[in-house]
Amino acid sequence: MPQPLPSKENSLFKQVVKNYEAKQYKKGLKSAEQILRKVPNHGDTQAMKALILNAQGNSTEAFELAKVALKNDVKSHVCWHVYGLLYRTAKNYEEAIKAYKFALKLDPDSAQISRDLAQLQIQMRDYAGFVQTRMAILKSRPHVRQNWTAMAVAHHLNGEFEAAERILTTYEDTLKSPPPKSDIEHSEAILYKNTIIAESGNIEKALSHLEAVMKNSLDRTAVMEMRARYLLLLDRKEEAQKAYRALLDRNNEYRSYYEGLEKAMGLDRSDDDSIPKLTELYESYAAKSERVDAARRVPLDFLQGESFKTAADRYLRSMLSKGIPSTFANVKALYKDSAKRAAIEELVNGYASERLTNGSAENHDGDRSANRFDEAVLYFLAQHYNYHLSRDLSKALDFIDKALEMNPKAVEYGMTKARIWKHYGNPAKASEIMNQARTWDERDRAINSKCAKYQLRNNENDNALKTMSKFTKNETVKEALGDLHDLQCMWYLTEDGEAYLRQGKFGLALKRFHAIYDIFDIWQEDQFDFHSFSLRKGQIRAYVDMIRWEDHLREHPYYSRAAISAVKAYIMLHDKPHLAHKSLTNGFTDMDSMDANERKKAMKKAKREQEKQEKAEAERRDAEKKAATKKPATGADGEPKKEDMDPQGTKLAQTKEPLQDAGKFLSYLLEFSPNNIEAQNVGFEVFMRKNKYLLALKCLLAASSIDPENPTLHEQTIRFRRTLDKLSEPLPPPVAKVIDFSFTLIPSSISLSDYNDSFLARHSESTPHIQAGLKVRQLLDPSSQPRNEKDLLATLELDTTELQDAKDGLSLFGEWKSGQDVREAYINGARKRWPEATVFAGA
Amino acid sequence: MAEEPQPPQSTKAPPTLLPEKTSAEDRKAAAALSSLDARGEDDDAPAGKKEVDTEALGKAMRGWMSRRTGEERGGKEEGCGQVEQLELSKAKATELLKAHEGDAVKAMCAFVTASA
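For the record, the sequence lines run as chains A and F.
Under this note's numbering, the residues of the first sequence are numbered 1422 to 2264, in order.
Under this note's numbering, the residues of the second sequence are numbered 7 to 122, in order.
Incorrect hints may have been included.
BS3-like cross-link-like pairs, simulated, lysine-lysine; straight-line CA separation at most 27 Å [what the hints assert, rightly or not]:
no., chain 1, residue 1, chain 2, residue 2
1, F, Lys65, A, Lys1597
2, A, Lys1492, A, Lys1512
3, F, Lys98, A, Lys2085
4, A, Lys2077, F, Lys65
5, F, Lys96, A, Lys1519
6, F, Lys65, A, Lys2111
7, F, Lys98, A, Lys1519
8, A, Lys1488, A, Lys1435
9, A, Lys2147, F, Lys112
10, A, Lys1684, A, Lys1753
11, A, Lys2113, F, Lys112
12, A, Lys1663, A, Lys1730
13, A, Lys2113, F, Lys104
14, A, Lys2158, F, Lys104
15, F, Lys96, A, Lys1512
16, F, Lys112, A, Lys2111
17, F, Lys98, A, Lys2158
18, A, Lys1698, A, Lys1684
19, A, Lys1429, A, Lys1492
20, A, Lys1730, A, Lys1743
21, A, Lys2158, F, Lys96
22, A, Lys1850, A, Lys2253
23, F, Lys96, A, Lys2113
24, F, Lys65, A, Lys1560
25, A, Lys2085, F, Lys96
26, A, Lys1698, A, Lys1730
27, F, Lys98, A, Lys1512
28, A, Lys1843, A, Lys1757
29, A, Lys1459, A, Lys1488
30, F, Lys98, A, Lys2113
31, F, Lys98, A, Lys1522
32, F, Lys98, F, Lys112
33, A, Lys2158, F, Lys65
Note that these hints are calculated values from the structure, not bench results.
Bound-form chain A, shown alone:
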């Protein structure tokens, strides 16, 4: 229990607490020390001092002192609470929960401790614990509505729908008179209850409840949407129709209302009999407004043949005559259907030739609307021929040049032109054109970002940063780069990292990928504030949505993309640790040709060089620090920023355990994106290197369920079999058993080479598959190399071969250490086929 203090010290102690609250850390520290001179072992004071130290950033010292405080006064809830707070700021929530629980046992009535505990529990998704804590809080303070609502949230998230509903009803029943209509907390709580009823599966009850409360609900849209949905679920189609029509009157661009209405009318887009009625439905909505897009665009999804062509003609003409630049983006989703793709191509080409034939006839100068139409047509065609499903880059270039003739400084035309060059495989020219287009409108942030992206694709990291800096504040320590981190500009960080990876700068690449990883951590962290904020504001439905969204946070493609790149980088570092040393990575390959001794020497030399560099870097930093003003570096939020001791990521790249480090990225990747086949592919590589055969097998099986014919999977499956066959020590019997049971991808009756031959035969028209097959053939029988080289060369003749495939093919020659003549033949062939691409130009 807290030790009593003499009265003078006691008032000092209160001062310390006040100082801490007011962030007057220096004063607080002074007073605390004054108390401790008199009462050296006063636990509470020590704890307070620790708290202040922690706030000043001396976390290690703070923890040590807090431990001393606990030793002096193990029964003080203050000490335990502080201990919990320290763990909380250190983000070790499990330990923080334990400490809070002790504090709470010592002071069960403390509302603050219970609330802190509850927040940690929900943050950790300890639903059962959360229920318990919220219950205790409710018992001690039943007069606060929030506590009832929070109790309901706890039950709800714990899957106890009935209990949650009952809690809310119980509270409602205690209200003497209905709260005023303007009481948003009440209105939201009622709607929240309604969602709980619906989630429990009792739609009938949800509907009748909703109808009883809807006239007092403030969120009109939500009520109408919920009602329409319930009616549809209950198959009350007449009423559902009315409900969706009422919604469409409010917002006639919202596609899901149209979908609801279709269902309510019993219409089915895949059923021919429905089509006339669907057409009629959409026409009626199109007739209501000149400007509505959805009612005109949606029919293109379900119409076919002639009626599609008519509708598309009408749609495209109206869009293009208005000169709407996003027209192509609006219709490109239709291109999956090749008949529709052809129809659109024919239509728009028709517009272009109309222009040519009529051009002389109606040659009014200043006919702006005709000009606008012509320009839009050219722009549309350029995008059309640039799109991967309808690609013809020389035509695309032709059209965009014509469009640029008409309007030489149109930023989006410049962007498209740069994009065409990107698709040609010439990132240098693409970057140059994009940069030029950027200068046409320097206040356009969109093209500024695009420009930076294209510069990164061309490995111009410094230029890209300069470009980005035109729109950042550049006041933080690391200037633009620091801003981009603060702004969580993930596309930039990812592209930057990938550019560094392409250049073999592993440290910087990993640095960026770790930054992405950290941003996702921050997003997870960010929900902390809302555990109390949302309750206070009474926005419970939004809160529950957020909690659920957070649970799927790392499904985001930004995460998987950065994670896959990071894992790949770590695999490379594991296979060739010398890559971590900048001076050894020139050209990537020269190390492979050295013998072990030479390699060792080179490594040593590299390390020495690096030490030298590091020293110089440290000196430079010191000098900079001295030169800089006394003002401490601060971030965007005004908080002092810690200096980054490893801005080049050297330590990241020189890790002793690259596979372990890869695991950090990999575990979330496999957990949240199990259907990403590339994730499974890289997972296999990591687990094989760690000799975790069951996990490697799991990746194989998962990949096979996504795409059993995946080329990488094929190659990995065979490697897996071979590795198991060649193990020097047998696997533990249970593991062997599991593999026997589960590894059925290769039938045991067939030899590996026959298996591979049939794979090659099955996929004789697909270059990635052929490459995988050849890789396997080389692995099974190194003497087949000349044949493999010949077959690889032949893939250049396949129509389906893409530029990227050809690049992969080239690196395969590197893996096989093929002779110069074969490589040259391949490069010449590739250059002939992709004359504009830069990869083969200088190779």
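We have chain A; now place chain F onto it with these hints.
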């Protein structure tokens, strides 16, 4: 911070021992401390503002409490030697084993083929 183990006292602190009456000053200090990082959760909703019917609430509380039955589940720990091949946490491994009647081979098979 993984390198900060729970101090040994933590296990010794008798959970039933509540602090006896402390001096009023101490209580205040503690209260002040407790409010250090308060976000003013319910300070914004002072009692009375919403016409809380105390009596009705009291009744509601009693009714609600009598309905609740304390239910707490305790997790048993079981041996799970082989399952470490799967890089699972101990809790997850135990769960997996439990779901398959403690049969390691069955459990691992199920785990490996889960997504297939």
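Each hint, compared with the structure:
no. : hint                    : result
1   : F/Lys65 <-> A/Lys1597   : holds (13 Å)
2   : A/Lys1492 <-> A/Lys1512 : holds (23 Å)
3   : F/Lys98 <-> A/Lys2085   : holds (18 Å)
4   : A/Lys2077 <-> F/Lys65   : violated (64 Å)
5   : F/Lys96 <-> A/Lys1519   : holds (19 Å)
6   : F/Lys65 <-> A/Lys2111   : violated (62 Å)
7   : F/Lys98 <-> A/Lys1519   : holds (21 Å)
8   : A/Lys1488 <-> A/Lys1435 : holds (22 Å)
9   : A/Lys2147 <-> F/Lys112  : holds (25 Å)
10  : A/Lys1684 <-> A/Lys1753 : holds (26 Å)
11  : A/Lys2113 <-> F/Lys112  : holds (18 Å)
12  : A/Lys1663 <-> A/Lys1730 : violated (32 Å)
13  : A/Lys2113 <-> F/Lys104  : holds (23 Å)
14  : A/Lys2158 <-> F/Lys104  : holds (19 Å)
15  : F/Lys96 <-> A/Lys1512   : holds (22 Å)
16  : F/Lys112 <-> A/Lys2111  : holds (23 Å)
17  : F/Lys98 <-> A/Lys2158   : holds (21 Å)
18  : A/Lys1698 <-> A/Lys1684 : holds (12 Å)
19  : A/Lys1429 <-> A/Lys1492 : holds (24 Å)
20  : A/Lys1730 <-> A/Lys1743 : holds (20 Å)
21  : A/Lys2158 <-> F/Lys96   : holds (22 Å)
22  : A/Lys1850 <-> A/Lys2253 : holds (19 Å)
23  : F/Lys96 <-> A/Lys2113   : holds (17 Å)
24  : F/Lys65 <-> A/Lys1560   : holds (12 Å)
25  : A/Lys2085 <-> F/Lys96   : holds (18 Å)
26  : A/Lys1698 <-> A/Lys1730 : holds (18 Å)
27  : F/Lys98 <-> A/Lys1512   : holds (22 Å)
28  : A/Lys1843 <-> A/Lys1757 : holds (22 Å)
29  : A/Lys1459 <-> A/Lys1488 : holds (20 Å)
30  : F/Lys98 <-> A/Lys2113   : holds (18 Å)
31  : F/Lys98 <-> A/Lys1522   : holds (24 Å)
32  : F/Lys98 <-> F/Lys112    : holds (15 Å)
33  : A/Lys2158 <-> F/Lys65   : violated (62 Å)
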